[in-house]
Amino acid sequence: MPDRYAGRTMMMQGNQACAEGAMAAGCRFFAGYPITPSSEIAEWLALRFPEVGGKFIQMEDEIGAMGAVIGASLTGVKAMTATSGPGFSLKQENIGYAAMAEVPCVVVDVQRGGPSTGMPTLPSQMDVQQARWGAHGDHGVIALTASSAQETFEQTIRAFNLAETYMMPVLLLLDEIVGHTTERIVIPDWDTVERIDRKQPEVPPDEYLPYRCPEGLIPVLANFGTGYRYNITGLCHNETGFPTNNKQENESLVIRLTEKIVAHRNEIIRLKRMMLDDADIVIFAYGTVARSARQAVMECREQGIKAGLLEATVLWPFPTEEVYALAGSVNAFVVPELNLGQMAREVELAVRCAAPVHRLNRVDGDPITPLQILDAVKEVV
Amino acid sequence: MERYEIRLSGSGGQGLILAGKILAEAVAIYDRRNAVQTQSYGPEARGGASRAEVVISDGEIDYPKAMRLDLLLSLTQVSCTKYAGDLKKDGILIVDSEAVTEIPQGDFKVYRTPIMEIAVEQVGKAVVANIVALGIMTAISGVVSEESMEKAILARVPKGTEELNMKAFRMGLETGRSLVAG
Amino acid sequence: MFDYLTYVREGNFPHIWCSGCGHGIVLKSFIRAIDKLGIHRDEAVMVSGIGCSSRTAGYVDINTLHTTHGRAIAFATGVKFANPKLHVIVVTGDGDATAIGGNHYIHAARRNIDLTVLIYNNYIYGMTGGQVSPTTPRGARASTSPFGNIEPPFNISGLASAAGASFVARGDVYHAQKLEKLITQAIQKKGFSVVEVLSPCPTAYGRRNRMASPVTLMEWLRDNCIPVKKYEKMSEEERSGKIRTGVLIDIEKPEFTEEYRKLVDSMQVRG
Numbered sequence: 001m002p003d004r005y006a007g008r009t010m011m012m013q014g015n016q017a018c019a020e021g022a023m024a025a026g027c028r029f030f031a032g033y034p035i036t037p038s039s040e041i042a043e044w045l046a047l048r049f050p051e052v053g054g055k056f057i058q059m060e061d062e063i064g065a066m067g068a069v070i071g072a073s074l075t076g077v078k079a080m081t082a083t084s085g086p087g088f089s090l091k092q093e094n095i096g097y098a099a100m101a102e103v104p105c106v107v108v109d110v111q112r113g114g115p116s117t118g119m120p121t122l123p124s125q126m127d128v129q130q131a132r133w134g135a136h137g138d139h140g141v142i143a144l145t146a147s148s149a150q151e152t153f154e155q156t157i158r159a160f161n162l163a164e165t166y167m168m169p170v171l172l173l174l175d176e177i178v179g180h181t182t183e184r185i186v187i188p189d190w191d192t193v194e195r196i197d198r199k200q201p202e203v204p205p206d207e208y209l210p211y212r213c214p215e216g217l218i219p220v221l222a223n224f225g226t227g228y229r230y231n232i233t234g235l236c237h238n239e240t241g242f243p244t245n246n247k248q249e250n251e252s253l254v255i256r257l258t259e260k261i262v263a264h265r266n267e268i269i270r271l272k273r274m275m276l277d278d279a280d281i282v283i284f285a286y287g288t289v290a291r292s293a294r295q296a297v298m299e300c301r302e303q304g305i306k307a308g309l310l311e312a313t314v315l316w317p318f319p320t321e322e323v324y325a326l327a328g329s330v331n332a333f334v335v336p337e338l339n340l341g342q343m344a345r346e347v348e349l350a351v352r353c354a355a356p357v358h359r360l361n362r363v364d365g366d367p368i369t370p371l372q373i374l375d376a377v378k379e380v381v
Numbered sequence: 001m002e003r004y005e006i007r008l009s010g011s012g013g014q015g016l017i018l019a020g021k022i023l024a025e026a027v028a029i030y031d032r033r034n035a036v037q038t039q040s041y042g043p044e045a046r047g048g049a050s051r052a053e054v055v056i057s058d059g060e061i062d063y064p065k066a067m068r069l070d071l072l073l074s075l076t077q078v079s080c081t082k083y084a085g086d087l088k089k090d091g092i093l094i095v096d097s098e099a100v101t102e103i104p105q106g107d108f109k110v111y112r113t114p115i116m117e118i119a120v121e122q123v124g125k126a127v128v129a130n131i132v133a134l135g136i137m138t139a140i141s142g143v144v145s146e147e148s149m150e151k152a153i154l155a156r157v158p159k160g161t162e163e164l165n166m167k168a169f170r171m172g173l174e175t176g177r178s179l180v181a182g
Numbered sequence: 001m002f003d004y005l006t007y008v009r010e011g012n013f014p015h016i017w018c019s020g021c022g023h024g025i026v027l028k029s030f031i032r033a034i035d036k037l038g039i040h041r042d043e044a045v046m047v048s049g050i051g052c053s054s055r056t057a058g059y060v061d062i063n064t065l066h067t068t069h070g071r072a073i074a075f076a077t078g079v080k081f082a083n084p085k086l087h088v089i090v091v092t093g094d095g096d097a098t099a100i101g102g103n104h105y106i107h108a109a110r111r112n113i114d115l116t117v118l119i120y121n122n123y124i125y126g127m128t129g130g131q132v133s134p135t136t137p138r139g140a141r142a143s144t145s146p147f148g149n150i151e152p153p154f155n156i157s158g159l160a161s162a163a164g165a166s167f168v169a170r171g172d173v174y175h176a177q178k179l180e181k182l183i184t185q186a187i188q189k190k191g192f193s194v195v196e197v198l199s200p201c202p203t204a205y206g207r208r209n210r211m212a213s214p215v216t217l218m219e220w221l222r223d224n225c226i227p228v229k230k231y232e233k234m235s236e237e238e239r240s241g242k243i244r245t246g247v248l249i250d251i252e253k254p255e256f257t258e259e260y261r262k263l264v265d266s267m268q269v270r271g
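Chains A, B and C supply the protein sequences, listed in that same order. Oh and the first sequence: position 336 is 336 in my numbering, straight run, nothing missing. Oh and the second sequence: position 112 is 112 in my numbering, straight run, nothing missing. Oh and the third sequence: position 193 is 193 in my numbering, straight run, nothing missing.
Do not take every clue at face value.
Cross-link-like lysine-lysine pairs, in silico, DSSO-like; alpha carbons within 27 Å at most [what the hints assert, rightly or not]: (1) B:109 x B:65; (2) C:229 x C:28; (3) A:272 x B:65; (4) C:85 x A:199; (5) A:378 x B:109; (6) C:242 x C:178; (7) C:229 x C:253; (8) C:178 x C:28; (9) A:306 x A:378; (10) C:28 x C:85; (11) C:190 x C:229; (12) A:378 x B:65; (13) C:242 x C:181; (14) C:262 x C:178; (15) A:306 x B:65.
Take a look, some chain A residues computed to stay more than 10 Å from chain B by CB distance [as the list claims (entries may be wrong)]: (16) 10; (17) 61; (18) 135; (19) 197; (20) 199.
None of these hints come from the bench; they were simulated from the model. Beta carbons: idealized from backbone N, C-alpha and C, even for Gly.
Please model the complete structure; the sequences and the hints are all you need to start from.
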């Protein structure tokens, strides 16, 4: 029986679109803890999951929610949690575990102003570096973002597909504006949605080694209860899944956790390019700010300023090469963001001094307007 | 049509965010034009400042928040004082005349009417003041069709309250029409 | 002769536990319990946290999940809720379960989710070198209470009972056969079941508290662990310093995964 929203055009908040995207992707487990401005994701799934046999649980805290998601995922179910800054901090412990043990899952962070409890009802992009470095230790990270309800729906699906492909937690960084903006979205028939499911072992149990990585860098973890008995741990482990003290095994694991993202960066990174072909000024933007940037580019062009937009829909891995490729032919970069320059840092590193990088930052809880970006571009010109 | 920007402002618990959602849905789903609704609110569930915004356009709506208002609804003095300056030249200001007694100076048209009182005395429930306001805004702005508004209201209000809400909406329409007629 | 080898990962032995440690006896009792219950190894999942107790998971040939400090019950909640057909057993210690994991412990008990939790209580953080734990008795010495512990201890079983667990038992590694029976009952119980197991730590606790010899510790358990029935007949004076063992709570109440299934079923009927 098709889902009751399939094929419909509806008005939805970004947070609801995220929940619907998860369902369309095949997610059937959610564990969370209430936090503004992400709670609508949990509320919507609490309402919707029973209709499709999905499991919803409100845990006792953020840490427990992340743990439950990992436990659920190991039985083979696609699992997700959603939170905001303070909860994202608490979840880092087990996000690191999921990265180390290579357990697929999706973590949504609807960003609000920080630090600490900060500005609960106001937007920010202050968690973008925490997404990369929040959990201790070296490991690759995939973090997506979105700027509209429709894109949130699509990026949530992509987050699950990437998690199942690369066997890791995938982060989706939204913000209060995207989460709470109601706009039109088209929900496709679930059968037409591209869904990727994690691989299962092709060898019999007595030949199975969970972390052998038959195709190079990605392990194949059997679902619990299917006859493949093995061990999962957050300690450094070898291909058997048991802890090891062997230096070579430690090293190859830690390197592989980063390398599996580096090696697949081209398949993971996605950029939207707007009027870049003849651009003198490149605006680098993401999430909610990219919406303002689009409008600013149009206004720049009307005023005869050759501005273009490079919009990142994947923040990690960072599109270093793609940014660098533009650096030689443009006069400057402008990086507007709702933090004090967290991704501008990455742009500067990528550009390697080949062009100046100008920052436009706002941390008072209000969004960056198209006019502010226009003014910043004019100043650079 | 270029952007048409609306802000509904007052305090928490007045149903302004729901009203904004209904308006956006009427435009985007039933009138088939583009509309985006955003909100801004305090941490309190009741009281505190609350505002909803609806941006309407025939083109893509990139920046989702209002910048220069075409229409401002104010149900409290505080919100009117704070936001009247955001109105465009010749914009429309609609205020609850019982709550808002001082209108800031500006180049905009002002419509005063006792919205809350209409809800309580003519419709019978204070809780439908937001729907009365929607009726008034529909009649004055002409930016959304009455039929679409009716459909959107019926789709969003709790079951069993349809009749009450329709009554509120029609009362608002009438009020709006007579305000325009002067 | 009982065939332990069917249930253990032989390649991972010798185990890491010190000589005189009681944890191996819990492992053995657990293995005998699942054998007696006829639980297939593919259908059992052991979830553990951090500490000496949690290393048990590495030695049992079932699905095993060695998690982060204090979080085993949260991970186990996810496993059980996602696939209620699996038998989910948590192995944890006094610090893991009641300090860093205390919140998960009481809420899983309140929720009454069908998990079996074996808490190895040795009154100390053993693996990290003998720091004071929430169950260290008042006055006892630990590396972080060098002058004697000034804090009162938690009652692990009492905590679970008060929070709403449907089965709570206390056993000890001296009375091994009885322990096996308690673990069997706990696994059989539909609902949140706890077995608090008193298991001595000669290295980190005994050595600092005039009980360095494993034999002394075992004798202490022999002399102080009193079965519930006998305990009830004792006078207030006789009870002093004694520990009540056996089944402390065994009640019927709605179980979480069952209740959720009912909710889903009711939606399908209506839908």
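Tested hints:
no.: 1; hint: B:109 x B:65; verdict: holds (22 Å)
no.: 2; hint: C:229 x C:28; verdict: holds (26 Å)
no.: 3; hint: A:272 x B:65; verdict: holds (22 Å)
no.: 4; hint: C:85 x A:199; verdict: holds (22 Å)
no.: 5; hint: A:378 x B:109; verdict: violated (35 Å)
no.: 6; hint: C:242 x C:178; verdict: holds (17 Å)
no.: 7; hint: C:229 x C:253; verdict: holds (24 Å)
no.: 8; hint: C:178 x C:28; verdict: holds (12 Å)
no.: 9; hint: A:306 x A:378; verdict: holds (11 Å)
no.: 10; hint: C:28 x C:85; verdict: holds (24 Å)
no.: 11; hint: C:190 x C:229; verdict: holds (24 Å)
no.: 12; hint: A:378 x B:65; verdict: holds (23 Å)
no.: 13; hint: C:242 x C:181; verdict: holds (21 Å)
no.: 14; hint: C:262 x C:178; verdict: violated (36 Å)
no.: 15; hint: A:306 x B:65; verdict: holds (25 Å)
no.: 16; hint: 10; verdict: violated (7 Å)
no.: 17; hint: 61; verdict: holds (20 Å)
no.: 18; hint: 135; verdict: holds (29 Å)
no.: 19; hint: 197; verdict: holds (34 Å)
no.: 20; hint: 199; verdict: holds (40 Å)
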